[in-house]
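Asks: If you want the building blocks of each chain, they are given just below.
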Amino acid sequence: LAKTTQPISMDSYEGQEVNITCSHNNIATNDYITWYQQFPSQGPRFIIQGYKTKVTNEVASLFIPADRKSSTLSLPRVSLSDTAVYYCLVGDIAPSGGSYIPTFGRGTSLIVHP
Amino acid sequence: EADIYQTPRYLVIGTGKKITLECSQTMGHDKMYWYQQDPGMELHLIHYSYGVNSTEKGDLSSESTVSRIRTEHFPLTLESARPSHTSQYLCASRDSYEQYFGPGTRLTVT
Numbered sequence: 150l151a152k153t154t155q156p157i158s159m160d161s162y163e164g165q166e167v168n169i170t171c172s173h174n175n176i177a178t179n180d181y182i183t184w185y186q187q188f189p190s191q192g193p194r195f196i197i198q199g200y201k202t203k204v205t206n207e208v209a210s211l212f213i214p215a216d217r218k219s220s221t222l223s224l225p226r227v228s229l230s231d232t233a234v235y236y237c238l239v240g241d242i243a244p245s246g247g248s249y250i251p252t253f254g255r256g257t258s259l260i261v262h263p
Numbered sequence: 122e123a124d125i126y127q128t129p130r131y132l133v134i135g136t137g138k139k140i141t142l143e144c145s146q147t148m149g150h151d152k153m154y155w156y157q158q159d160p161g162m163e164l165h166l167i168h169y170s171y172g173v174n175s176t177e178k179g180d181l182s183s184e185s186t187v188s189r190i191r192t193e194h195f196p197l198t199l200e201s202a203r204p205s206h207t208s209q210y211l212c213a214s215r216d217s218y219e220q221y222f223g224p225g226t227r228l229t230v231t
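Just so you know, the protein sequences line up as chains A and B, in that order.
Under our numbering, the first residue of the first sequence is numbered 150, with each subsequent residue one higher.
Under our numbering, the first residue of the second sequence is numbered 122, with each subsequent residue one higher.
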């Protein structure tokens, strides 16, 4: 199981772009990278997922370099409501990857200031 | 919006009581999970299931048990609640793409 490392906390201000990097040096060939967001007293919520290069949706972008040993979640123009914990998960999500157990570490606590 | 439900949302119970936390999903997912999370801390996997009649223990040692008799239902039972069980319990199901979490049950054992 690929181990992930991400900063414990980050601070930003409204309107800024926030980039959270996750290291996963032993990522396997079939592994995907998935990011979740969690607000206090709620369960995590899926944000974005990717395998390589760049993925963008209406919420965020995910940048994955060619060696796939790290990934960066980019949140454009954050607001106060983006204050949350962000988790990076790595694993073989395919139906054939039946042994994949989603494991959440400490995540990155992002605080957005006015 | 995810169709996964947990009841009760909040529960305060005395030591020694037997309790069952309910979790149901209407998405037909085979894979389901229970996590335990204390405020500001990481999620710890306590049980998971790959389908009907399949249950496994997770990384965190837990005195709870689970059952999976129907695809949509994955209840968690504490035979004898203790103050150390005070925590938030999160249920989730997964398709091939992402996990969907319920709203959680906040349990307090006095």
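Treat the hints with caution; some may be incorrect.
[Said to hold, decoys possible] Some chain A residues close to chain B (C-beta under 7 Å, calculated; not the full set): (1) A177; (2) F188; (3) G199; (4) P225; (5) R255.
[Unchecked claim] If you want the ones that stay clear, here's a sample from chain B, every Cβ over 10 Å from chain A, calculated: (6) G149; (7) M162; (8) D180; (9) S182; (10) S208; (11) S217; (12) E219; (13) T229.
[As the list claims (entries may be wrong)] Restraint ranges, calculated between C-beta atoms of paired labels, are given here: (14) B:D216 to A:M159: 42 to 50 Å; (15) B:K139 to A:I157: 34 to 42 Å; (16) B:K178 to A:N174: 40 to 48 Å; (17) A:T170 to B:E163: 31 to 39 Å; (18) B:T231 to A:T205: 18 to 26 Å; (19) A:N175 to B:D151: 48 to 56 Å; (20) A:T221 to B:V173: 15 to 23 Å; (21) A:T154 to B:E200: 17 to 25 Å; (22) B:E163 to A:S228: 22 to 30 Å; (23) A:F212 to B:H194: 35 to 43 Å; (24) B:R203 to A:N179: 37 to 45 Å; (25) A:A243 to B:S205: 23 to 31 Å; (26) B:S175 to A:I157: 15 to 23 Å.
Since the hints were made in silico from the structure, they are not lab data.
Ideal Cβ placement from N, Cα and C applies to all residues, glycine included.
Asks: Between the beta carbons of F212 (chain A) and H194 (chain B), is the distance compatible with 35 to 43 Å?
Replies: holds, 40 Å
Asks: Per the hint of 37 to 45 Å, is the separation of the Cβ atoms of R203 (chain B) and N179 (chain A) within bounds?
Replies: Given about 41 Å between the Cβ atoms, the range holds.
Asks: A cut-off of 10 Å on Cβ-Cβ distance, and S217 (chain B) was said to be off the interface with chain A. Does that hold?
Replies: With a cut-off of 10 Å, S217 (chain B) comes too close to chain A, as the shortest Cβ separation is near 5 Å.
Asks: Quick check on a hinted range of 18 to 26 Å for T231 (chain B) and T205 (chain A), using CB atoms only.
Replies: violated, 48 Å
Asks: A closest beta-carbon separation below 7 Å is what the hint needs, so does P225 (chain A) meet it against chain B?
Replies: violated, 21 Å
Asks: Can you tell me whether the CB distance of N175 (chain A) to D151 (chain B) sits inside 48 to 56 Å?
Replies: Since N175 (chain A) and D151 (chain B) have Cβ atoms about 28 Å apart, the given range 48 to 56 Å is violated.
Asks: Could you check the hint for me, namely that K178 (chain B) and N174 (chain A) are 40 to 48 Å apart, CB to CB?
Replies: For N174 (chain A) against K178 (chain B), whose Cβ atoms are near 28 Å apart, the range 40 to 48 Å is violated.
Asks: Would you settle whether the hint for R255 (chain A) is holds or violated, based on the nearest Cβ-Cβ distance to chain B being less than 7 Å?
Replies: At 5 Å from the nearest chain B Cβ, R255 (chain A) passes the 7 Å test, so the hint holds.
Asks: Could you see if the CB distance from T170 (chain A) to E163 (chain B) stays within 31 to 39 Å?
Replies: About 18 Å separates the Cβ atoms of T170 (chain A) and E163 (chain B), which means 31 to 39 Å is violated.
Asks: Going by Cβ atoms, does T229 (chain B) stay more than 10 Å from chain A at every point?
Replies: holds, 13 Å
Asks: If you check the beta carbons of E163 (chain B) and S228 (chain A), does the distance land in 22 to 30 Å?
Replies: holds, 25 Å
Asks: Should the label of E219 (chain B) as a non-interface residue stand, given a Cβ cut-off of 10 Å to chain A?
Replies: The assertion about E219 (chain B) is violated, with a minimum of 4 Å to chain A.
Figure legend: structure checked against the earlier numbered hints; hints not met, in rising order: 1, 2, 3, 4, 7, 8, 11, 12, 14, 16, 17, 18, 19, 20, 21, 25, 26.
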